[in-house]
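Trainee: Now for the letters of each chain:
Protein chains: 2
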Amino acid sequence: MFKIIANKVKARRAEIVTRKGKVQTPCFMPIATKAAVKTITSDEVRQLAPDMILSNTYHLMLRPGQEEMERLGGLHAFMDWDKPILTDSGGFQVFSLAKKRKITPEGVEFNSHIEKNKYFLSPEDSIKIQMNIGSDIMMVLDECVKLPAEKKYLEKSIKLTTFWAKRCKDYFDKVCVDKQEAERPLLFGIVQGGLEKDLRLESAVSLKQIGFDGYAIGGLAVGETEQEMCSVLKYLCSELPEDKSRYLMGVGYPHQIVEAVKAGVDMFDCVIPTREARHGRLYFWNSEFIEKQRNILELDFLSKEFYTTLNIHNEENKFDLSPINSESKFPELRRYSRAYLRHLFVSEDPLAQRLSTLNNLEFYLGLMGKIRLDICSSM
Amino acid sequence: MFKIIANKVKARRAEIVTRKGKVQTPCFMPIATKAAVKTITSDEVRQLAPDMILSNTYHLMLRPGQEEMERLGGLHAFMDWDKPILTDSGGFQVFSLAKKRKITPEGVEFNSHIEKNKYFLSPEDSIKIQMNIGSDIMMVLDECVKLPAEKKYLEKSIKLTTFWAKRCKDYFDKVCVDKQEAERPLLFGIVQGGLEKDLRLESAVSLKQIGFDGYAIGGLAVGETEQEMCSVLKYLCSELPEDKSRYLMGVGYPHQIVEAVKAGVDMFDCVIPTREARHGRLYFWNSEFIEKQRNILELDFLSKEFYTTLNIHNEENKFDLSPINSESKFPELRRYSRAYLRHLFVSEDPLAQRLSTLNNLEFYLGLMGKIRLDICSSM
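Protein sequence lines, in the order shown, are assigned to chains A and B. Quick note: the first sequence uses this note's numbering, first residue 1, plus one each step. Quick note: the second sequence uses this note's numbering, first residue 1, plus one each step.
Derived by calculation from the structure, the hints in this document are not laboratory data. Quick reminder that beta carbons are idealized off the backbone N, C-alpha and C, glycines included. Take the hints with a grain of salt, since some may be wrong.
Chain A is nowhere near these chain B residues, computed Cβ spacing over 12 Å in every case [as the list claims (entries may be wrong)]: (1) Ala35; (2) Gly211; (3) Tyr340.
Facing chain A, from chain B, some residues (calculated, C-beta under 10 Å) [claimed, not checked]: (4) Ile40; (5) Arg63; (6) Leu195; (7) Ala221; (8) Val222; (9) Gly223; (10) Ile290; (11) Leu321; (12) Leu344; (13) Val346.
16 Å max Cα-Cα, derived EDC-like pairs, lysine to aspartate or glutamate [claimed, not checked]: (14) B:Lys318 <-> A:Asp43; (15) B:Lys318 <-> A:Glu67; (16) A:Lys318 <-> B:Glu70.
Turn these sequences into a full structure, and let the hints guide you.
Mentor: Right, dumping it as structure tokens:
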């Protein structure tokens, strides 16, 4: 299920074998929050060529709804995507978006942020919904504690997260008992524990004992410094099994991804490329870096020198007739000027968000491609 | 410049020769209000294959601005479109969108609806701006009277419109004096006069005396009945020169276009297909009508039986797994289900508007294609 192809420092070039095909790692998963990568078609996602995308259980359970999702033939058919899909457990949005949360060992009760209806999500519910969605990699339900939090609360919380993880695993095994290996989805545990090393390690050890197909690192990039985040990744990756994939949830900026790969992380997802695109912030390679054919893993700690960003709203772009991105595989990014893209943003034409989304996802997926090459090339 | 290829009833199959290529008529021009057909790329417009598009002088003079437009190399280069572009004079939006209008024989003073800056638009200004934009077919500045209006006011107004038309023509001729015939844009007059037959005819006669490359009919579809509109078209088309194109501005629904073609109109533009698309109303052929291979010009007066519309928001579409449009040339409209399109609207994903825009423009342009065929086929 997870085969290491190459190692560099602690960076790993590997592949995850899912029932819907292989995922080459390190990988970045574009986010199809509400059953779509916002503003673009599945055909465009296919052109961007990620091996896997991510969708959000919380949003899908509200709309179209979990039973509706099943009746609609599952997420793959619904959104016209036949490669792997990873789903989160719904937990993160319950703890960040939903209203009136009430946590008990049984699960979490909450009101939807849309129509205020009451819902209840137990660990078993979360797995059941992810099954209905047709997820290929599922996540366990975890408590996402808002930081800063008292250590006592965190201690209690990781115990709950471990308890829920075990229930998810038991339910998952029960449901999958008749499934052939090639048809079985994968289930990942999620390490929590804030910035407390002992709790993080305790969380990792407990999850390893239960045994998962991969291990996610949750609760990072929530306000701590980049240095603090990297330090957690370092000791955690040493503790996590070498032969299972490691997934850093919700991270991050390009230089953070590079640093996390160096620490031994294999999988990433993040709203940054798509959300910032919709606000007119574009990501590009630093052409000097590319021309020098430098190995991206040999950059200084948290160095940003391999990329640049552009705020298209800036006045200086008003008459910039150079292409949005002369290196893009998308003709529309080569043909339209930056001045035109700026004009589309000023005019509030949704085409602006679409073009920027293509640009940023192409950059992020290109970055992962370069990372994979650079891990192998210097061995 | 305008060659009649075939006649049926009063319907004409013709072509307009512009400096950027030929336009087969009857034609429908998709509207690129702010230098873009909202939500779609120029490549997609090219796939839709209209011979000409329309853009709005008023919007372009505010953003990016008329001098900016020139500095940006004109509208064709800016929006990546090299076929003909027709521009309106700016008058219609000045009279419908702008604030604090003051009309004098000299022109019209107004405040922008965006930043409240004061502008002045004379007939000469309008032509000058359209030249800067790079328009291939320009419209004269006219007064667009809000109906109902007193006949006395209308009388005065068409005199002003004629006076402005003459000034536009004089200025246009002056600017074009050195231009070779093949490089010269075209200039159209605009007949006004509300529902007053004598004023409409007077307006038409005065404009003919000035002499234009084509004649537009303005001030219709502004609240009068369809019957009233068709009656104006009938007597006006008899009065307008046979060898010049006739353009019904801002019209309309598919059955209105068919009726106008039967009265002798050659050109159309309208926000309906694109605006309604963005609100989730989709246009389709009535398949029974198509299967019977009926001639569209032989339909009953104002008959709608050749098309259907669908409000995608309706609950009944929630589980409709049939394609958005199985006959479409766009793979995304064949691959995605109506249930999915509805979900995209509910999720407020701009992709919803884009898919619907493609569907409706494909219908409208297909309609014009069928009209052109049907004029010829029964001769």
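Trainee: None of the hints should be skipped; say for each whether it holds.
Mentor: Hints versus structure:
Distance check for B:Ala35 against chain A: the nearest CB is about 6 Å away, which does not clear 12 Å, and the non-interface claim fails. A cut-off of 12 Å between C-beta atoms confirms that B:Gly211 is not in contact with chain A; the least separation is 36 Å. Its closest Cβ contact with chain A, about 6 Å, brings B:Tyr340 to no more than 12 Å, contrary to its assignment away from the interface. For B:Ile40, the shortest C-beta to C-beta distance to chain A is roughly 7 Å, which falls under 10 Å, so the interface hint holds.
Restraint check, B:Arg63 versus chain A: the minimum CB separation of about 6 Å is within 10 Å; hint holds. Of the supplied interface hints, the one on B:Leu195 is violated, with its beta-carbon coming no nearer than about 35 Å to a beta-carbon of chain A, more than 10 Å. At a threshold of 10 Å, the smallest CB-CB gap from B:Ala221 to chain A is about 25 Å, leaving the interface hint violated. Against a cut-off of 10 Å between C-beta atoms, the interface hint on B:Val222 is violated, since the closest Cβ of chain A lies about 26 Å away.
The interface hint given for B:Gly223 is violated, since its Cβ lies 28 Å from the closest Cβ of chain A, which is over the 10 Å cut-off. For B:Ile290, the interface hint is violated, since its Cβ never comes within 10 Å of a Cβ in chain A; the closest pair sits about 27 Å apart. Evaluation of the B:Leu321 hint against chain A yields a held restraint, the C-beta minimum of about 7 Å falling below 10 Å. Of the supplied interface hints, the one on B:Leu344 holds, with its beta-carbon coming within about 6 Å of a beta-carbon of chain A, less than 10 Å.
Interface restraint check for B:Val346: the shortest CB-CB distance to chain A comes to about 6 Å, inside 10 Å, so the restraint holds. Taking the CA atoms of B:Lys318 and A:Asp43, the gap is near 23 Å; set against the 16 Å cutoff, the hint is violated. The straight-line distance between the Cα atoms of B:Lys318 and A:Glu67 is roughly 13 Å, inside the 16 Å bound, and the hint therefore holds. For the hint pairing A:Lys318 with B:Glu70, the CA-to-CA distance comes to about 13 Å; that is within 16 Å, so the pair holds.
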